[in-house]
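Asks: Residue strings, one per chain:
Number of protein chains: 2
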Amino acid sequence: MKTIDVCLSPELMHLYQLRDRTVVVVDILRATSCMVTAFAHGVESITPFADAESCRLMKRKGFIISGERDGKKMDGFDKGNSPFEYMGADIRGKRIAFTTTNGTQAIEKAKGANKIIVGSFLNLSAVVKYLLFGENNVLIVCAGWKGKVNLEDTLFAGAIIEKLRNHIEPDCDAPLVAHELYKQGCKDMVAFLGNSSHVKRLNRLNIHKDISFCLTPDQYDVLPKLKNGVLTLI
Amino acid sequence: MKTIDVCLSPELMHLYQLRDRTVVVVDILRATSCMVTAFAHGVESITPFADAESCRLMKRKGFIISGERDGKKMDGFDKGNSPFEYMGADIRGKRIAFTTTNGTQAIEKAKGANKIIVGSFLNLSAVVKYLLFGENNVLIVCAGWKGKVNLEDTLFAGAIIEKLRNHIEPDCDAPLVAHELYKQGCKDMVAFLGNSSHVKRLNRLNIHKDISFCLTPDQYDVLPKLKNGVLTLI
Numbered sequence: 001m002k003t004i005d006v007c008l009s010p011e012l013m014h015l016y017q018l019r020d021r022t023v024v025v026v027d028i029l030r031a032t033s034c035m036v037t038a039f040a041h042g043v044e045s046i047t048p049f050a051d052a053e054s055c056r057l058m059k060r061k062g063f064i065i066s067g068e069r070d071g072k073k074m075d076g077f078d079k080g081n082s083p084f085e086y087m088g089a090d091i092r093g094k095r096i097a098f099t100t101t102n103g104t105q106a107i108e109k110a111k112g113a114n115k116i117i118v119g120s121f122l123n124l125s126a127v128v129k130y131l132l133f134g135e136n137n138v139l140i141v142c143a144g145w146k147g148k149v150n151l152e153d154t155l156f157a158g159a160i161i162e163k164l165r166n167h168i169e170p171d172c173d174a175p176l177v178a179h180e181l182y183k184q185g186c187k188d189m190v191a192f193l194g195n196s197s198h199v200k201r202l203n204r205l206n207i208h209k210d211i212s213f214c215l216t217p218d219q220y221d222v223l224p225k226l227k228n229g230v231l232t233l234i
Numbered sequence: 001m002k003t004i005d006v007c008l009s010p011e012l013m014h015l016y017q018l019r020d021r022t023v024v025v026v027d028i029l030r031a032t033s034c035m036v037t038a039f040a041h042g043v044e045s046i047t048p049f050a051d052a053e054s055c056r057l058m059k060r061k062g063f064i065i066s067g068e069r070d071g072k073k074m075d076g077f078d079k080g081n082s083p084f085e086y087m088g089a090d091i092r093g094k095r096i097a098f099t100t101t102n103g104t105q106a107i108e109k110a111k112g113a114n115k116i117i118v119g120s121f122l123n124l125s126a127v128v129k130y131l132l133f134g135e136n137n138v139l140i141v142c143a144g145w146k147g148k149v150n151l152e153d154t155l156f157a158g159a160i161i162e163k164l165r166n167h168i169e170p171d172c173d174a175p176l177v178a179h180e181l182y183k184q185g186c187k188d189m190v191a192f193l194g195n196s197s198h199v200k201r202l203n204r205l206n207i208h209k210d211i212s213f214c215l216t217p218d219q220y221d222v223l224p225k226l227k228n229g230v231l232t233l234i
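In order, the protein sequence lines correspond to chains A and B.
Reminder that position 174 of the first sequence reads as 174 in my numbering, one-by-one numbering, no gaps.
Reminder that position 222 of the second sequence reads as 222 in my numbering, one-by-one numbering, no gaps.
Covered by chain B, according to a simulated footprint, are these stretches of chain A (three or more residues, beta-carbon under 8 Å):
(1) 139-148
(2) 169-178
(3) 186-198
Please keep in mind that the hints were generated in silico from the structure rather than gathered at the bench.
The beta carbon of each residue, even a glycine, is placed where N, CA and C say it ideally should be.
Input sequences plus hints: build the corresponding full structure.
Replies: Written out as C-alpha cells, the structure is:
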C-alpha cells in the first residue's frame with residue numbers, strides 16, 4: 001500500500017525524502033486557496049517566489065504581481081492574498097507572479113520532489129483523486145506560520161487522511177495527529193478555527209469572509225501542478 | 001495571564017525564545033519516564049548527554065551509565081531505557097549518566113531556558129503545580145522521534161494544556177493541536193496510542209508493560225530540574 005506522511009512545518013522538510021514523492025503544498029489561509037481560485041477563473045500560470053523583490057521584477061515582463069507579507073498586500077503590488085481578488089475577468093489568460101509569507105516559501109522548499117501540486121479545501125476532491133490514482137507515496141507539506149505549526153493547514157492534512165484512509169497508509173505519527181484534529185473539527189471548521197492564532201490575526205484585518213470561503217470544500221475542480229518552477233493546470 | 005506554547009519537535013526549537021521561559025522537556029517513551037522513576041527511587045542525580053561516547057566515559061567517574069539508541073540498550077552500558085530498570089535499591093544515592101535517541105537531545109537543545117524541568121505522565125501533577133505557581137511563561141518541548149512529531153509527547157502536552165486551561169493562555173496553534181489530540185485520546189491512552197509509529201516500534205521490542213506504565217498519570221510526586229547541566233530533585 002502507498003504511504004502518506006505530513007510535514008507539519010516547512011522547517012521540518014529536511015527530515016523527509018522528497019525525490020520519489022508527490023508533495024501537496026497547503027497554505028489554507030490564504031496562498032494556496034488564492035492560487036486554486038485564480039486557476040478556476042482562467043489564469044494561465046502562477047510563478048511562485050520566495051523572495052519579494054524577484055517577484056516585483058516580474059511586472060516588467062508583463063506579469064500581474066501579487067505580494068503579501070504578514071497578511072497584508074505589499075506596496076506596489078497589483079494584488080494581495082484574498083481569494084476574492086482572483087475571481088475577475090482581469091486575470092483571465094494572464095500570468096501571475098506570487099509571493100507570500102508562508103505558502104510560496106513552502107513551495108520553494110518542496111522543489112526536488114517528484115511531483116508538486118497545490119491543495120486547499122476549495123479543490124479538496126481534485127487533490128484526493130490525484131493522490132489516489134497516482135503511483136507515488138505522498139507528503140503533505142503544511143506551510144504553517146513563519147515555521148510554526150498552524151491549525152488550518154493541519155486540519156486540511158487531516159481531511160486528506162480521512163478521505164484516503166482505506167487506500168493509503170500513514171507513514172508516521174504526524175498523519176495521525178492531523179487526522180484526530182480533523183475528526184474533532186470537521187463538523188464546523190469555521191467555529192473550530194475561531195481560536196487559532198492565524199484566524200485571530202486575520203480577524204483583526206477584517207477578512208471573515210475570506211476565512212469561511214477558504215474553508216469551503218470543493219468549490220473548484222482544478223489542480224495546479226508545478227513544472228519547471230511554474231504552476232499550471234494539469 | 002501567563003502563556004504556554006508547545007514545541008512539537010526539537011527541530012523547531014530555534015523558533016522559540018527560551019531565555020525567560022520555563023521549559024518542560026518530555027519524552028514519554030521512555031527517557032523522561034525513566035528519569036522520573038529513577039528519582040522516585042532515590043537516585044541522587046542524572047546527567048543527560050546528547051553524545052553517547054561522552055556518556056560512556058562517566059563510568060570511570062563512578063556513574064551508572066544508561067544508554068539507549070533506537071529503543072535498545074547500548075552495548076557496554078549498565079542500563080537501558082525501561083522504567084523498570086530504575087526501581088531497584090541499586091540506584092539509591094547513585095549518580096546516573098544518561099543518553100537516549102531523543103530525550104537527552106531535547107534537554108541539550110533546551111539549555112538557555114530560564115528553568116528546565118522534566119515531565120512525564122508519571123509526575124504530571126507535580127509538573128502542573130510547578131507551572132501554575134511559577135512566574136514564567138511556559139514552553140513544552142516534545143522530544144519526538146528523530147526530529148519528527150510523535151503522538152505520545154503531543155498527548156502529554158495536551159494533558160498539561162487541559163489542566164492549566166483556566167490559568168495559562170495558549171500562545172499559538174500548537175497548544176490547540178495538542179489539546180484537541182488529548183481530548184480525543186484521554187479516555188484510553190493505551191488504545192489511542194496503539195496506532196502510533198513509536199508504539200509499533202516498541203511493540204516489536206516486546207515492552208507492552210513499559211508503554212502502559214509510562215502512560216499512567218501521577219505515580220510519583222517528584223520534579224527533576226536541570227541546574228548546571230545536572231538533573232536533581234527540586
